[in-house]
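Asker: The residues making up each chain are set out below.
Protein chains: 2
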Amino acid sequence: MSTKLRILSVLEQQKGQSISGQTLADILGLSRTSIWKGIKTLQKEGYIIEAVTNKGYRLSAKSDVISAETIRPSLLAALQDLSMHTFKTIDSTNDEARRLSSKDPIRQGIVLSEEQTKGRGRLGKSFYSPSQTGIYMSFYLKPNLNMADAALVTTATAVAVCLAIEKLTTKKPQIKWVNDIYLGDTKICGILTEAVSDFESGKVETLIVGIGLNVKEPSAGFPTELEAIAGFLTSSAEKASFDRNLLIAEIANQFYTIYQAIEERSFLAEYKKRCFVLGKKITFKERNQQFEAVPIDIDPKGGLVVRLSDGHQRTLSYGEIIMKKPFE
Amino acid sequence: MSTKLRILSVLEQQKGQSISGQTLADILGLSRTSIWKGIKTLQKEGYIIEAVTNKGYRLSAKSDVISAETIRPSLLAALQDLSMHTFKTIDSTNDEARRLSSKDPIRQGIVLSEEQTKGRGRLGKSFYSPSQTGIYMSFYLKPNLNMADAALVTTATAVAVCLAIEKLTTKKPQIKWVNDIYLGDTKICGILTEAVSDFESGKVETLIVGIGLNVKEPSAGFPTELEAIAGFLTSSAEKASFDRNLLIAEIANQFYTIYQAIEERSFLAEYKKRCFVLGKKITFKERNQQFEAVPIDIDPKGGLVVRLSDGHQRTLSYGEIIMKKPFE
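Chains L and C, in that order, give the protein sequences.
Following numbering that gives the first Met the number 0 from start to finish, the first sequence increments by one per residue and tops out at 327.
Following numbering that gives the first Met the number 0 from start to finish, the second sequence increments by one per residue and tops out at 327.
Chain L with its partners taken away, still in its complex shape (with noise of 0.2 Å):
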């Protein structure tokens, strides 16, 4: 580990509270100059270190950066060894993602960045990504599945998305089928999910899911066109305190504990109790048809079994469903 990184552990470990230069060269047998230098590259990459006369260094509370030293540690056993990229910026997590899987065909990973500048959502769609005031993560995996239950596992994101928030808060996050989590009536995060197959066999050889969560409203606000539909996990008064770094490593876990057994589908049961859509009246396109129809169920494979308003039943494996507000 680099000496940054040596400080950034310790400091990490007694957050808010104030550890003299001395202490610090000590612990980690180095000299005051190295922990200085170390400090300066540190608050350069964006973490609040103050130095205070008499009392030494302070890492604050408030200071939010995404570090794959910070989220590790908080990682499940089975999870340390995956690999972590972690980035400023990058035109998108999903493409940096299908990059570096395309580079190597075997490994698995996560990629983060503090911002997106091409931040991509469903259907095409752009997904607004400023800097430090969301979670951007893409997971590149080799699942080796058929298509079918490859679609499972755009499912189980959602699931993993709100029991690590219901774990780490109290907010109570739902899903709007297929894969956005709301809060109330704004949506918080979407889940683009992106599948490298062969048609031959029918098998996914790499699924990539990108997951875009809006932790703290932007500072200036979203864009005018998102205002009535983007909502943020964290309020202002809770945001100040708010660790990405925690929340990202607690959806690895849950998204990994859920991957694992993905065959069982217990996922499915957690997803329909936050799936908000069930009952309620929707319309859907269809080959520029439009049907209206009230969603029943949700498949075994994550379809929406839906009623039409002639009384059949259909079922819908992607697209998007439209609902009018207010949901409740």
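Since the hints were derived computationally from the structure, they do not count as laboratory data.
Keep in mind it's a predicted model, so treat the numbers as computed, not measured.
Where is the CB? At the ideal position from N, CA and C, for every residue including glycine.
It is possible that some hints are incorrect.
To be verified - Non-contacting residues of chain C with respect to chain L, defined by C-beta distances greater than 10 Å in every case (computed):
#1 Gln16
#2 Lys170
#3 Gly310
#4 Thr314
As the list claims (entries may be wrong) - Simulated restraints, written as ranges between beta carbons of each label pair:
#5 C/Arg306 to L/Thr116: 50 to 60 Å
#6 C/Thr88 to L/Tyr255: 37 to 47 Å
#7 C/Lys166 to L/Met322: 49 to 59 Å
#8 C/Thr282 to L/Gln288: 38 to 48 Å
#9 L/His311 to C/Gly318: 25 to 35 Å
#10 C/Arg286 to L/Gly310: 30 to 40 Å
#11 C/Phe275 to L/Asp80: 43 to 53 Å
#12 L/Ala147 to C/Asp90: 21 to 31 Å
To be verified - List time: in silico SDA-like cross-link candidates among lysine to any residue, alpha-carbon distance up to 25 Å:
#13 L/Lys102 to C/Pro129
#14 C/Lys141 to L/Asn145
#15 L/Lys141 to C/Ser125
#16 C/Lys284 to C/Lys324
#17 C/Lys36 to C/Ser1
#18 C/Lys323 to L/Gly201
#19 L/Lys202 to C/Lys300
#20 L/Lys284 to C/Ser200
#21 L/Lys284 to C/Lys300
#22 L/Lys87 to C/Asp103
#23 L/Lys141 to C/Asn145
#24 C/Lys61 to C/Asp242
#25 L/Lys102 to C/Lys202
#26 C/Lys272 to C/Ile320
#27 C/Lys300 to L/Gly318
#28 L/Lys170 to L/Leu182
#29 L/Lys124 to C/Ile105
#30 L/Lys166 to L/Ala67
#31 C/Lys300 to C/Ser316
#32 C/Lys284 to C/Ile320
#33 L/Lys102 to C/Leu81
#34 C/Lys124 to L/Gly201
#35 C/Lys300 to L/Gly201
Place chain C on chain L using the hints.
Answerer: Chain C in isolation, oriented as in the chain L frame:
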């Protein structure tokens, strides 16, 4: 165009005939030294160029090097601007196509290599790809098709390869569903289609179509395990003069022509004509169970409609069917 390629283009036009160094220098407005250097470079790249005293330079009719410059003039006008990437050796043209397309989300192109070190076939099998004896090419496309229509592209490719072979040779290739091309009882070509798709929209964004075609018998023969099943397009008498560049261009042209009108599905009639499994006895596996059946039709999505021994009909979308040899 580089000096080297300008020289090559003049030699290609008079393939098999000599042209003096002075004439080359005059035509191209270059010094005799530049011509000499250019010829050396081409020879190093594998072009068989003979230098005969008092006669000049001659590109041997036997010279057979895949080159974008030789292919491009034979491509349809619509394909003139296609990106073409040629390699002496590569792990797999599909893998390279995937890397290229993940770097550039818009462009379409062709990857070609004299050799593949990790040529891949269906169901994770390897594809034997020795240097300069085959065509190893991959298209990378941005089709914006739904998953069902994208599966048609892989079927269309088999037809394109057959039509190209039929146009340039007297051979009558046939198709083993899904996508293997046979001459008699031996396989001469395999097609591996991979898709990058978005689960939420059900759209295929990038489609990679790889073609592995055995053109000549490898000088050391096929590895023992392939001897009985692998064939090649040209007999030893024909192979000396067979031009792989021309076949590559013709495959691309035929492919493009079908691909442009893929929704009309008229190529399915051509597929059926060449699909020798119809009416024969086959077996296929599904979830570790084996079934006997007789294929009776190709459905509008390229699926194989089979009649089971109990009289029931089924449509296979992907997978492998097994037939006893000899086929006829």
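Asker: Run every hint past the structure and note whether it holds.
Answerer: Cross-check of the supplied hints:
1. At roughly 45 Å, the least C-beta separation between C/Gln16 and chain L is larger than 10 Å, which holds for a residue marked as non-interface.
2. No Cβ of chain L approaches the Cβ of C/Lys170 within 10 Å, the least distance being about 24 Å, so the stated non-interface status holds.
3. The non-interface label for C/Gly310 is consistent with chain L: the shortest C-beta to C-beta separation is roughly 26 Å, beyond 10 Å.
4. With a least CB separation of 13 Å from chain L, C/Thr314 remains clear of the 10 Å interface cut-off, as annotated.
5. The hinted range of 50 to 60 Å is satisfied by C/Arg306 and L/Thr116, whose Cβ atoms lie roughly 55 Å apart.
6. At roughly 38 Å, the beta-carbon separation of C/Thr88 and L/Tyr255 lies within the given 37 to 47 Å, and the hint holds.
7. For C/Lys166 paired with L/Met322, a C-beta distance near 55 Å keeps the hint of 49 to 59 Å intact.
8. Range check, C/Thr282 to L/Gln288: about 41 Å between beta-carbon atoms, so the 38 to 48 Å window is met.
9. With their beta carbons about 31 Å apart, L/His311 and C/Gly318 fall inside the hinted range of 25 to 35 Å.
10. Separation of C/Arg286 from L/Gly310 is about 34 Å and conforms to the stated range, judged on CB atoms against 30 to 40 Å.
11. Between C/Phe275 and L/Asp80 the beta carbon distance is about 49 Å. The supplied range of 43 to 53 Å therefore holds.
12. A C-beta distance of roughly 30 Å is found between L/Ala147 and C/Asp90, which places it inside the suggested range of 21 to 31 Å.
13. The straight-line distance between the Cα atoms of L/Lys102 and C/Pro129 is roughly 23 Å, inside the 25 Å bound, and the hint therefore holds.
14. Restraint check for C/Lys141 and L/Asn145: satisfied, since their Cα atoms lie roughly 23 Å apart, inside the 25 Å limit.
15. Distance check on the hinted pair: L/Lys141 and C/Ser125 sit about 18 Å apart at the alpha-carbon level, within 25 Å; holds.
16. For the hint linking C/Lys284 to C/Lys324, the alpha-carbon distance of about 18 Å falls within 25 Å, and the restraint holds.
17. Note on C/Lys36 and C/Ser1: the hinted pairing holds, with a Cα-Cα distance of about 12 Å set against a maximum of 25 Å.
18. Restraint check for C/Lys323 and L/Gly201: the C-alpha separation of about 24 Å stays at or below 25 Å, so the hint holds.
19. For a cut-off of 25 Å, the pair hint linking L/Lys202 to C/Lys300 stands: about 18 Å separates their Cα positions.
20. Proximity of L/Lys284 to C/Ser200 is assessed by CA-CA distance (about 12 Å); at most 25 Å being required, the pair is judged to hold.
21. With a C-alpha separation of about 22 Å, the suggested pair L/Lys284 and C/Lys300 falls inside the 25 Å cut-off, and the hint holds.
22. About 21 Å separates the Cα atoms of L/Lys87 and C/Asp103, which keeps this hinted pair within 25 Å; it holds.
23. At roughly 23 Å between alpha-carbon atoms, L/Lys141 and C/Asn145 fall within 25 Å of each other, so this suggested pair holds.
24. Only pairs whose Cα atoms come within 25 Å are accepted, and C/Lys61 paired with C/Asp242 is accepted, the gap being roughly 9 Å.
25. Straight-line distance between C-alpha atoms of L/Lys102 and C/Lys202 comes to about 24 Å, which keeps the hinted pair within the 25 Å bound.
26. With a C-alpha separation of about 18 Å, the suggested pairing of C/Lys272 with C/Ile320 holds against the 25 Å cut-off.
27. Using a Cα cut-off of 25 Å, the hinted pair C/Lys300 and L/Gly318 holds, with the two alpha carbons roughly 21 Å apart.
28. This hinted pair checks out: L/Lys170 and L/Leu182 have alpha carbons roughly 8 Å apart, not beyond 25 Å.
29. Pair hint L/Lys124 plus C/Ile105 holds up; C-alpha atoms about 16 Å apart against a cutoff of 25 Å.
30. The suggested pairing of L/Lys166 with L/Ala67 holds, with an alpha-carbon distance near 21 Å, which does not exceed 25 Å.
31. At most 25 Å may separate the alpha-carbon atoms for a hinted pair to count; C/Lys300 and C/Ser316 meet this at roughly 8 Å.
32. Among the hinted pairs, C/Lys284 with C/Ile320 is consistent with the structure: their alpha-carbon atoms are about 8 Å apart, no more than 25 Å.
33. The hinted pair formed by L/Lys102 and C/Leu81 meets the criterion: a straight-line CA distance of about 23 Å does not exceed 25 Å.
34. Of the pairs offered as hints, the one joining C/Lys124 and L/Gly201 holds, with about 14 Å between alpha carbons and a cut-off of 25 Å not exceeded.
35. Between C/Lys300 and L/Gly201, the direct Cα distance comes to roughly 14 Å. Compliance with the 25 Å bound is thereby established for this hinted pair.
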